[in-house]
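K.L.:
If you want the building blocks of each chain, they are given just below.
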Amino acid sequence: MKKVKNIIPSCLDCQNKNKVFCAMSTEEKAEVSREKGHNFYKKGQTIFYEGNHSNGLYCIHSGKVSLTKLGDDGKRQVVRFAKEGEILGYRSLISGDSYQATATAIEDCTICFVQKEKFNELIATNAGVAVNSMQLLASDLRNAENKLISIAQKSVKERIIESILLLQETFGFENDGETLDVTLSRAEIADTAGTTTETTIRTLAKLSDENLINLVGKKIKILNLGELKKACSVLD
Amino acid sequence: MEVQEFFELTKHAFNKEAVHVHHYKKGEYLFTKGHEIEEMYFLLEGELAIEKNKQLIWIAKKNEFIGICSYFIGENNFAYSAKANFDSKIITIEKKEFDRVVQDNSDLRNDLMQLFCQRIDYTLSNIKVFSDLSRKKRIIDFLVRNIESNQKVINQNYELHYSSTQIAEFVHIPKYFTLKFLKELQAKNILKLSSKNITITDFKGLKLLLTLKGVNL
Chain H
1 MKKVKNIIPS
11 CLDCQNKNKV
21 FCAMSTEEKA
31 EVSREKGHNF
41 YKKGQTIFYE
51 GNHSNGLYCI
61 HSGKVSLTKL
71 GDDGKRQVVR
81 FAKEGEILGY
91 RSLISGDSYQ
101 ATATAIEDCT
111 ICFVQKEKFN
121 ELIATNAGVA
131 VNSMQLLASD
141 LRNAENKLIS
151 IAQKSVKERI
161 IESILLLQET
171 FGFENDGETL
181 DVTLSRAEIA
191 DTAGTTTETT
201 IRTLAKLSDE
211 NLINLVGKKI
221 KILNLGELKK
231 ACSVLD
Chain D
1 MEVQEFFELT
11 KHAFNKEAVH
21 VHHYKKGEYL
31 FTKGHEIEEM
41 YFLLEGELAI
51 EKNKQLIWIA
61 KKNEFIGICS
71 YFIGENNFAY
81 SAKANFDSKI
91 ITIEKKEFDR
101 VVQDNSDLRN
111 DLMQLFCQRI
121 DYTLSNIKVF
131 SDLSRKKRII
141 DFLVRNIESN
151 QKVINQNYEL
161 HYSSTQIAEF
171 VHIPKYFTLK
181 FLKELQAKNI
191 LKLSSKNITI
201 TDFKGLKLLL
211 TLKGVNL
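Top line first, the protein sequences correspond to chains H and D. Per our numbering, the very first residue in the first sequence carries number 1; after that it's consecutive. Per our numbering, the very first residue in the second sequence carries number 1; after that it's consecutive.
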């Protein structure tokens, strides 16, 4: 696990190219930086809960986060993953609803917090921030729609492969160019694919037998990315 | 005159020269997947089914912009299809004009952001429905959600203008299964089937079925 340095991030020299905040002027960045707060979260710690009143925007300075929704039967469904440079909670601020998912640190994180009033002011006064927020919403919508099609039309095996590919797309590889740069439990992968832990364990073992992946503890190595993509007929 | 309503709804933000009106018959496509994005669409009357990979992903209702997801992602071609569920009146807006108003008009930006939020919520609820519910409950959920949105109420009965085939396509369940289950509901006096319509006669009873657990559901 990467160790998080306890430094206080400033928006002015932040290296994370966040799509929404990139549209801010230097003055706006300085103002947001002065007014924002920040927190350190340990792996497994909750950042906000589904159903809680939303009062601000979270911007991941470092670390990785999962966003999950709880089903009526208590089953968790991973909505998406987020990494450094990405923001959380913006949809609830825009719609005025409570948080629609629970955000949990899947590794140690440093996360900045921008007050609701500040974000709303930026959206109202800076067309670039508003348009970039819409691009983010459009991309969230596209991902959700693809997930819906996947759940409705694909087999469990295809969904598990799709989850592995989503992890690769979101977090990339470690330096070896094969190992996914994220560590998730089998239960977390199951929540991503919308299936049970037992089925996930069996399917991962099958994929390993087919030499598509290699399992090293909780780490997953992708041995043949092309074949893996073919095996789940990835949506265009 | 036909376009006047659109200008009033959008507070005269768009130039008249860049806006045109079109009529689509039920079952006609506005655009299909891969169609080049040259204009944006606004649904003035009727209803549209937005489909991707043969899966219904959204039902667009009156006074709604169409094509915004592909537009804001920055694609040159639509990633989905839009088909008229009923006879529909559509306003087309030239893309350049849409670009201009998006940059200049904060009211339009707010409306679009709210629409995105609604569509994301709807899609996430659908994911939950598809992951958690049985096929029968998926059909009930579809009926309930559509009634709760904006269906006509006549003498305490709710009218849905969908055939069983359309519902089967919407919920991605075989047609024979959908029709068989709708007939079961008809036998329980919960609804009445006709060739093009479904009349819900016992909405409370229908909603109650969603909460029941058991082998039959």
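These are computed hints drawn from the structure, not numbers from a lab. Keep in mind the model is a prediction, meaning the values are calculated, not measured. Treat the hints with caution; some may be incorrect.
[Unchecked claim] Selected chain H positions facing chain D (in silico; Cβ < 10 Å):
| no. | residue |
| --- | --- |
| 1 | 130 |
| 2 | 139 |
| 3 | 151 |
| 4 | 214 |
| 5 | 215 |
| 6 | 216 |
[Stated by the list, open to error] Each pair of labels, with its calculated beta carbon distance range:
| no. | chain 1 | residue 1 | chain 2 | residue 2 | range |
| --- | --- | --- | --- | --- | --- |
| 7 | H | 15 | D | 99 | 27 to 35 Å |
| 8 | D | 45 | H | 34 | 46 to 54 Å |
| 9 | D | 87 | H | 139 | 48 to 56 Å |
| 10 | H | 10 | D | 118 | 51 to 59 Å |
| 11 | H | 169 | D | 29 | 48 to 56 Å |
| 12 | D | 75 | H | 15 | 45 to 53 Å |
[To be verified] From the structure, some residues in chain H lie toward chain D, with a derived Cβ separation under 10 Å:
| no. | residue |
| --- | --- |
| 13 | 44 |
| 14 | 97 |
| 15 | 127 |
| 16 | 136 |
| 17 | 228 |
| 18 | 229 |
| 19 | 230 |
Think of the CB as a built atom: it goes at the ideal place given N, C-alpha and C, for glycine as much as any other residue.
K.L.:
Compare the structure with each hint and give your call.
P.N.:
Here's how the hints hold up against the structure:
1. The criterion of a C-beta within 10 Å of any C-beta in chain D is met by residue 130(H), whose closest approach is roughly 5 Å, and the hint holds.
2. Taking 10 Å as the C-beta contact cut-off toward chain D, the hint placing residue 139(H) at the interface holds, the least distance being around 6 Å.
3. For residue 151(H), the interface hint holds, the least distance from its beta-carbon to any beta-carbon of chain D being 5 Å, beneath 10 Å.
4. Because the closest C-beta pair between residue 214(H) and chain D is about 29 Å apart, greater than 10 Å, the hint is violated.
5. The interface hint given for residue 215(H) is violated, since its Cβ lies 25 Å from the closest Cβ of chain D, which is over the 10 Å cut-off.
6. For the restraint placing residue 216(H) at the interface with chain D, the shortest Cβ-Cβ distance is roughly 29 Å, beyond the 10 Å limit, so the hint is violated.
7. Distance hint check for residue 15(H) and residue 99(D): the Cβ-Cβ separation is about 31 Å, which falls inside the suggested range of 27 to 35 Å.
8. Remark: the range hint 46 to 54 Å for residue 45(D) to residue 34(H) is upheld by a beta-carbon distance near 50 Å.
9. The given range of 48 to 56 Å is broken by residue 87(D) and residue 139(H), whose C-beta atoms sit roughly 33 Å from each other.
10. Remark: the range hint 51 to 59 Å for residue 10(H) to residue 118(D) is contradicted by a beta-carbon distance near 36 Å.
11. Taken as a hint, the range 48 to 56 Å is violated for the pair residue 169(H) and residue 29(D), whose Cβ atoms sit roughly 31 Å apart.
12. Evaluation of the 45 to 53 Å hint for residue 75(D) and residue 15(H) yields a failure: the beta carbon distance comes to about 29 Å.
13. Look at residue 44(H): its Cβ only gets to about 24 Å from chain D, farther than 10 Å, so that hint breaks.
14. Checking residue 97(H) against chain D: minimum C-beta separation of about 8 Å stays under 10 Å; hint holds.
15. With 10 Å as the threshold, the beta carbon of residue 127(H) comes within range of chain D, its nearest partner Cβ sitting at about 5 Å, so the hint holds.
16. At about 9 Å, the closest approach between the beta carbon of residue 136(H) and any beta carbon in chain D falls short of 10 Å, and the interface hint on this residue holds.
17. Restraint check, residue 228(H) versus chain D: the minimum CB separation of about 20 Å is more than 10 Å; hint violated.
18. The interface hint given for residue 229(H) is violated, since its Cβ lies 16 Å from the closest Cβ of chain D, which is over the 10 Å cut-off.
19. For residue 230(H), the shortest C-beta to C-beta distance to chain D is roughly 17 Å, which exceeds 10 Å, and the interface hint is violated.
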